[in-house]
Each structure stands twice: as C-alpha cells, then as structure tokens.
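**Student:** The primary structure of each chain is shown beneath.
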Amino acid sequence: MSKLQIQQLACQYQGKPILAGLDLMLQENEILALLGPSGCGKTTLLRAIAGLLPVTEGHIVLDGEILSSAQTLLPTEQRGIGVIFQDYALFPHLTVAENVAFGLRHWDKGEARARVAEMMALVKLDGLEDRYIHQLSGGQQQRVAIARALAYKPRLLLLDEPFSNIDSQVRGELMLEIRQILRSQGISAIFVTHAKEEAFAFADRMAILHDGKVAQAGPAEALYYRPANRFVADFLGGGNYLDATVASPNEVHTPLGAIQSASELRYPPKYEGTLLLRPQQLAIEPDNDGSGVVTERRFAGTYCDYEVKVGPVALSVRSGHTGLALGQRVAVAALPHALVLF
Amino acid sequence: MIQTLSRRWSLGGYLTVAVLLLPLAALIFQSLDPDQAVFDHLRQTVLADYVINTVLLILMVACGALALGLPAAWLVAMCRFPGQRVFQWALLLPLAMPAYIVAYVYTDLLDYAGPVQRALREFMGWSGPTDYLFPEIRSLGGAALMLALVLFPYVFMLVRTAFLEQASNLIQASRTLGCTPTQSFFRLSLPLARPAIVVGLSLVAMETLADFATVHYFAVNTLTTAVYDTWLGFGSMASAARLSTLMLLVIAVLMFAERFARARQERFQKAEGKSEDYAYELRGWRAWLATGYCSLLLGLSFVLPALILLDYAWHYFDPSALRHFGQYSWNSLLISTLVAVATVMIALGLQYLARISPRRWDRLPSQLAGFGYALPGTVLAIGVLIPLIAADFAINDLYQWLERPLPGLVLSGSLVALAFGYTVRFLAVALGAVENSFKRISPSLDMAAATMGQGPFGILRRVHFPLVRRGMLAAGLIVFIEAMKELPAALLLKPIGFETLATYVYQFVSDEMLELGALPALVIVLVGLVPVIFLNRSLEQAH
Numbered sequence: 001m002s003k004l005q006i007q008q009l010a011c012q013y014q015g016k017p018i019l020a021g022l023d024l025m026l027q028e029n030e031i032l033a034l035l036g037p038s039g040c041g042k043t044t045l046l047r048a049i050a051g052l053l054p055v056t057e058g059h060i061v062l063d064g065e066i067l068s069s070a071q072t073l074l075p076t077e078q079r080g081i082g083v084i085f086q087d088y089a090l091f092p093h094l095t096v097a098e099n100v101a102f103g104l105r106h107w108d109k110g111e112a113r114a115r116v117a118e119m120m121a122l123v124k125l126d127g128l129e130d131r132y133i134h135q136l137s138g139g140q141q142q143r144v145a146i147a148r149a150l151a152y153k154p155r156l157l158l159l160d161e162p163f164s165n166i167d168s169q170v171r172g173e174l175m176l177e178i179r180q181i182l183r184s185q186g187i188s189a190i191f192v193t194h195a196k197e198e199a200f201a202f203a204d205r206m207a208i209l210h211d212g213k214v215a216q217a218g219p220a221e222a223l224y225y226r227p228a229n230r231f232v233a234d235f236l237g238g239g240n241y242l243d244a245t246v247a248s249p250n251e252v253h254t255p256l257g258a259i260q261s262a263s264e265l266r267y268p269p270k271y272e273g274t275l276l277l278r279p280q281q282l283a284i285e286p287d288n289d290g291s292g293v294v295t296e297r298r299f300a301g302t303y304c305d306y307e308v309k310v311g312p313v314a315l316s317v318r319s320g321h322t323g324l325a326l327g328q329r330v331a332v333a334a335l336p337h338a339l340v341l342f
Numbered sequence: 001m002i003q004t005l006s007r008r009w010s011l012g013g014y015l016t017v018a019v020l021l022l023p024l025a026a027l028i029f030q031s032l033d034p035d036q037a038v039f040d041h042l043r044q045t046v047l048a049d050y051v052i053n054t055v056l057l058i059l060m061v062a063c064g065a066l067a068l069g070l071p072a073a074w075l076v077a078m079c080r081f082p083g084q085r086v087f088q089w090a091l092l093l094p095l096a097m098p099a100y101i102v103a104y105v106y107t108d109l110l111d112y113a114g115p116v117q118r119a120l121r122e123f124m125g126w127s128g129p130t131d132y133l134f135p136e137i138r139s140l141g142g143a144a145l146m147l148a149l150v151l152f153p154y155v156f157m158l159v160r161t162a163f164l165e166q167a168s169n170l171i172q173a174s175r176t177l178g179c180t181p182t183q184s185f186f187r188l189s190l191p192l193a194r195p196a197i198v199v200g201l202s203l204v205a206m207e208t209l210a211d212f213a214t215v216h217y218f219a220v221n222t223l224t225t226a227v228y229d230t231w232l233g234f235g236s237m238a239s240a241a242r243l244s245t246l247m248l249l250v251i252a253v254l255m256f257a258e259r260f261a262r263a264r265q266e267r268f269q270k271a272e273g274k275s276e277d278y279a280y281e282l283r284g285w286r287a288w289l290a291t292g293y294c295s296l297l298l299g300l301s302f303v304l305p306a307l308i309l310l311d312y313a314w315h316y317f318d319p320s321a322l323r324h325f326g327q328y329s330w331n332s333l334l335i336s337t338l339v340a341v342a343t344v345m346i347a348l349g350l351q352y353l354a355r356i357s358p359r360r361w362d363r364l365p366s367q368l369a370g371f372g373y374a375l376p377g378t379v380l381a382i383g384v385l386i387p388l389i390a391a392d393f394a395i396n397d398l399y400q401w402l403e404r405p406l407p408g409l410v411l412s413g414s415l416v417a418l419a420f421g422y423t424v425r426f427l428a429v430a431l432g433a434v435e436n437s438f439k440r441i442s443p444s445l446d447m448a449a450a451t452m453g454q455g456p457f458g459i460l461r462r463v464h465f466p467l468v469r470r471g472m473l474a475a476g477l478i479v480f481i482e483a484m485k486e487l488p489a490a491l492l493l494k495p496i497g498f499e500t501l502a503t504y505v506y507q508f509v510s511d512e513m514l515e516l517g518a519l520p521a522l523v524i525v526l527v528g529l530v531p532v533i534f535l536n537r538s539l540e541q542a543h
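Heads up: the protein sequence lines correspond to chains E and S, in order. All residue numbers for the first sequence refer to the UniProt record's numbering, where the first residue is 1 and numbers rise by one. All residue numbers for the second sequence refer to the UniProt record's numbering, where the first residue is 1 and numbers rise by one.
In case anyone wonders, no lab produced these hints; they're calculated from the structure. For clarity, every value in this text was computed on a predicted model and none was experimentally measured. Idealized CB from N, CA, C, for every residue including glycine. Among the hints, a few may not be true.
Reference excerpt, derived from the structure (chain E facing chain S, CB under 7 Å, subset only) [stated by the list, open to error]: (1) I66; (2) I81; (3) H93; (4) G103.
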C-alpha cells in the first residue's frame, strides 16, 4: 500500500480555488519532487498535507488514516509530519540543541538528549549545540532545520523550496548530502521546487503541477522524454515543435521530411499534430548541399548550441560539432527515438 | 494560522472587546435619553459659547503648533547649524511637560504681580494697570499659547521625518531645474510634507480637545470642562453623555482626516532612490538665527518651566505640605502597574487571536479594542461611569431583594472604575506595540511549532511569548507612564479620598500653590521623559 494517497483534492486560499481535482501517490521511502511554476499551487498542496490549510473536496490519507477531507481536519500538531520551511523557521530565542529538541517534549529526558546528539552527528553539526541561530551560516541553518524536523521521527517529511536560499556553489553538494541523510533514515519525503535541476538531482519521482492539478507524474527520464503534453515538455526543457502528419504507425511527415519512430505511435494515420524534438535529438553535419543554415551559435564547452534555419523553420540544435561557423550550410536529421506527438 | 483553532478563542476575543466597548455604547445609548432638561438649559444659555470656544481653541492651537513646529522641523531636518544634532531629540522634550504645569508657571511669570510686569512697571515708571496694556494670560489666547508650546512636538516630529524621507535626489533635481533653496522648499518639500502636517495637526487637535486641566485652570469654558461641570455640578449624566457624543463627532472628523492623510503619506514618503543625506550648510548670521530660534523654542517650552519648577521645589520645600506625597505616589504606582499588566495581557491575547485564527472576523477584536485612545479623558470617564453605576444599582437591588446589607457603589465608587477606564484608554498603546513585535515573527515559526506537536497554547507559551517579551515590556512601560500622567479621567473616576500623583499635583495648581507641589510635579515630568526617550530611539532607528 502506498504511504500517502491524495485523491480529487480541492483547496482554496482566501476564497480563490488553488487546487482542483488533484491526485497524487507517494510510496514508502520515496522522495517525490513537486515541480511547477510559481503560483501553480505547490506550496498550497504542501500546507494542505501538513494541515495548515483546510481542503474543500477530496481527501488526504497517510498510512491508511484520513488526515484531511471536506468533513475532517486532523490538527497539524497531531499529524506527525515534519516540514522544512523555505526560511527554515528556526526559533531565534533557542539554541541549536533546543531547536532540535523542540518536538521531543514528551520524550524521556535522557532519550531526548541522546536523540539530539544523534541528529547533530547526522547533520554534522556536533559542537555547535549551544550556538544561537543567528550565529550560523545559511547552510548550517538548513542542517539544523533538517535535524529538527527528523528528530521526532515524522511519518512524512515535507520540504518547501529548501535550497532557494543556499549559494549556488554549495547547493549541489548540500542536496546530495541531504538526500543521503533521508535515504539513511528511510524517510518518505515530498519536496517542492520550481527548479527542474533540483528536482532531477534530488527526487526519485516527480510530479508536475499545472493549474491546480498534476499534469504528469513519474520518473524524471519518462517525463523528459515522454511528456504527456506541451506544458510538461516546455517546463522540463527547450524543444522544437514541428507540424507533423502521421503517415504510418511508425512514420510522420514534417517540414524536415519523413521521420521514423522507434516505437509505435499512439495516433492513427492522417492525424495532424505537433512533433516534439529536443535539441539533442537533432543531428547536423556540415554539408554544402544541406537544407539548413547556421544562424546563431553559443559555445558551451563540450557541445555547442546552434540555431539552424531550414526554409522558414528555425530549429535549436545541440551538437558535438563545436566548430561550425555562422552561415555554414548543414544537413539536418532527427536521431532515431520514440517520437513524441501531441 | 491554526485551521483547527477552537471557537472558544474567538468567543473570548469578542467578549473582551464587548466589555471594552461598553463605555462607548453607554454614551450613545444614554444620550438618547428623552429627559434632557439640563441639556436644553445648556443649549439655551452657554452651549453656543462652549462650542465656539472649543473650535477657536483648536484652530488657534493648531496654528500655533504649526507656526512653532514647522520651521523647527525644516531647520533640523534639512540644515546643518550649531546644535542641530541636539535639537533633533531635545525638541521632543516638551511632550513630557503637562500643559497645566506650563500654564501655571507662565501665569506666575506674566500676570500683574509677576516678575515680568513688575520689572516693566519699574523700568517704565508706570504706577498701575491703567497705565499700560498687557495681554491677559488667563484667556482663550493664553490657553492656546500654552497648549501650542507643549503640543508643537507632534508637528515637529512627523514633519521632520517627512522631510528626512523625501528622496534627496528629488531636491537635487529641483535645484538643477532652476529652483533656489526657498523655491524648492515651497514648490517641492512643503507639498510633499503636507500629509505629515495634517497627521500632526490632527493629533494636536485631538490632544487639545482632550485637554481639561489647562482650560479649567484658565477658566475658559470648552466642551471638555462642560462635560466635567455637568456631571459634577448638575449631576446630569444624560447631558454629560450628550455633550460627550457631540465631542465624539469632532473626534470622528479628526480621525478621518488623520487616516486619510496617513494613507497619502505612505505614497509620498516611499523614500525610493534615497541617496546620501542632502543638507544646507548654514553659516554666519543664518546659522545663529537657526540656533537662536530652536534654543528659544526649547527654552520657552521646556527649559524655563523646568527650571522654575526646580526653583519652586528648592525654595518652597515644606515636608508638612508634602506629607501625602509617599502615599499618593504609591497609589499611582499601584494603579499604573495594574493597568500596564492588564493592557499588555489583553493586547497579547487579542493580537494572538488575530494572528492564528483562520476566521477573518477574528481580526476585528484587535482592531476595535484600541478606540479608547481617541476619547478625551472626561468623555471616557462618563462612558465608564454609566454602565458601572447601572451595574452597582443592579447589585444593590439584588442585595435588597435577598435582604442583605447593601454593598454600596462597589464598582463605580472603587478602584475598578479607574482601572477599567485606564485600561480602555491605554489599550491602543499596548495593542500597537504587541502587533509590531508579532509582525517581526515569521508565520512559518507558528507552522513549524504546530508540525512539531504544539497546540495553540503551546505555540503562544513556547514560541511567541519568549519572542515578544521585550516588546511587551516596552509597551507595559509606556502604558505605565501614560497612566501615571493621566489627569482628566482620574479626576472623574477616582474613589473619594483616593488621589493619584497627577490629581495631587493638579490640586496644588487649582489651589494656586504649585510652589508647594513642585516636587511631585517634577516627578511627573521626569516620568514623562521616559517615553520621549523611547520615541526618539525609534525615530533614530528608522534612519
């Protein structure tokens, strides 16, 4: 059975509907990234799960227990859910150790002390127990927040854009480290972000939110290479969209000519749609009789991004040929793969 | 916000604010009483004079405060001259000086037997009052001058801030567009500071309307003294209530003007693009003129009265006249502490409810509860007495029915009336301070505490209370001091035989013997300096 089930969830904030008909599942020990542009309802969903917002329809079930529905709202303090807030929400009047022990009020004194020590070691902050929050760096504060949220062994951990206040230089390292910690503790977690790179690096599975619904959920590769719609495709990275007509179950006709699909298409012949081609799914070769012309280039080290014009169509192409000059004529072809057609 | 907050919290908030609103409701209700014989009598005889006096007084004080405060504000904010840094805070000092003490001191100085007129007569060789014209200090104009002398700091403070927050590049731009400093003042600085001026003048007008002691001492009849006299002289609660509602109308107009101007002020004082401070360096006679003006203002409004008080205290020290000093100080201390604790606790409860409740209407109690600050002390006192006297009658009826000995006026004739009145009057101070402290706590702290198993009480006790403790202390201190100084409400609400420091000093003033009461008067001034220091510090922090 899954850890968390959310079905047909609807939520309002200040009278405005934010979430409507949202479904989401989380497996035991899974880290799920909630990804979406600002204002799509990510934080609202997180707050609904934590019981900080009521739901108007649907329900949220954790470990088989109904937490929220239109009729019931289990108080936040009885849910046993840990939350890492964007600003960490560390208590400025308490020391690091007192912050970590905040949720351990009903524990035995000795056990609580041992748990705090264990947590401090886990997040590698041993020796800073008696510091106050303002004496710590941003990364250290982040670690305190993690230690505090994990100390009371929550059933589920929610992270609200936890890395947005961290320097980009240390962000990657910290993310890997925290992922390691969650893994070692066997924690199920939901992680909210608007940056796809963070979601790719941190999560096992991701759910993309759009207009208060889950637009698509699944492993990162599946979403990137087989997006269900144009919104998901756009959100996860740039691409070229070509008018395409299905010619046979394995072939479409486009302005670039016929393109073969590695798997069977879901649409019948004569269907007219849009074909998604990621920049790296196109290949270019210098060819003086080629149909394309290089109109722009951006060098990026091991590869180069080009704009190539083929007749009236402008294409973005990522290529290992880093030496092509502006105005160079090239031959353009799609690399063999399972085509994505909307 | 705590979505699952029990409705009992809301109920508590609404009950509290209902009790606090009782005086206002009672005033309005009582003024509808059809028995208006005394009021009709007033209307046929003196009411018109009272209203005219009140309006004239407000206008004159407003003009006076503007004439004194505006130049000082501009000089201190926009110019550099010897002493400018000292005047920044020193010109706030008059706020600590009760107007009736200033009035007494100047009467002593300027009336016929006073040193000024005596010296004039000697110098000019005049022999009697018929030989020369000297303006009578005990008059409407005199009262207006006294009030303007202690109230101008409101204008000074707000307008100075407005000038400071005007982006200096605006002034530089006006100079490049061909304005002289004078033109740039009249075409730019002054129009931009207009909302601040209106706010300052509304505060001055409200304080003037609330003033009882100065006009009473000068025997100038205004609506405030009329309320006092109708109740204590004629014993007509209904007329006092009707006069009070008349004053409420004036207050409503003033408050509306203030709110409106504040909204505009926020737009005008965005202080975007504020660069380095831009100031005119004054030299030569201009610098001396600026220093001279500010010194004269400070001298007349604070230094001179304070020195004269010190002189009284030194020369007329008489332990037998001050034998009650200790007892009355203790009374003041007791009641002020009580009120400080009560207001801060109520403010904490109401603001906490407003913060955590998921129901939008639960913000209302904290917004309504502060209304008492706008009521003049006399009006508030009448409003407090009406329900308490009614409750006392009900209690006595109950005892009579039970055939038990009658308890007497257990509410209206005891410290309950005074404590309740002060609480209503000063709650706004505590509400504002607690709200400011709360604003500095990120809402995610509440949520974090809730996720870690804390209920509403736990969050208040373990997170908010430790974090707002300092703010609450400061709020309590200011309420304490305001309660120490409060006079008009105390005159009407104090139990018989109970004196506070302020009523004690006022007794000396109205008996024309302040010389003997100079020591307690100095204590009031010294105590009043503390909030001025607070005010100055918060102004300094803003810059």
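**Student:** So, E/H93 near chain S? Judge it on the closest CB pair being under 7 Å.
**Tutor:** holds, 4 Å
**Student:** Would you check whether E/G103 satisfies its interface hint, that is, whether its CB is within less than 7 Å of any CB in chain S?
**Tutor:** holds, 3 Å
**Student:** So, E/I81 near chain S? Judge it on the closest CB pair being under 7 Å.
**Tutor:** At 6 Å from the nearest chain S Cβ, E/I81 passes the 7 Å test, so the hint holds.
**Student:** Can we keep the E/I66 interface hint, with Cβ of chain S closer than 7 Å?
**Tutor:** At 14 Å from the nearest chain S Cβ, E/I66 fails the 7 Å test, so the hint is violated.
Checked against the numbered hints listed earlier, the structure breaks hint 1 alone; every other hint is satisfied.
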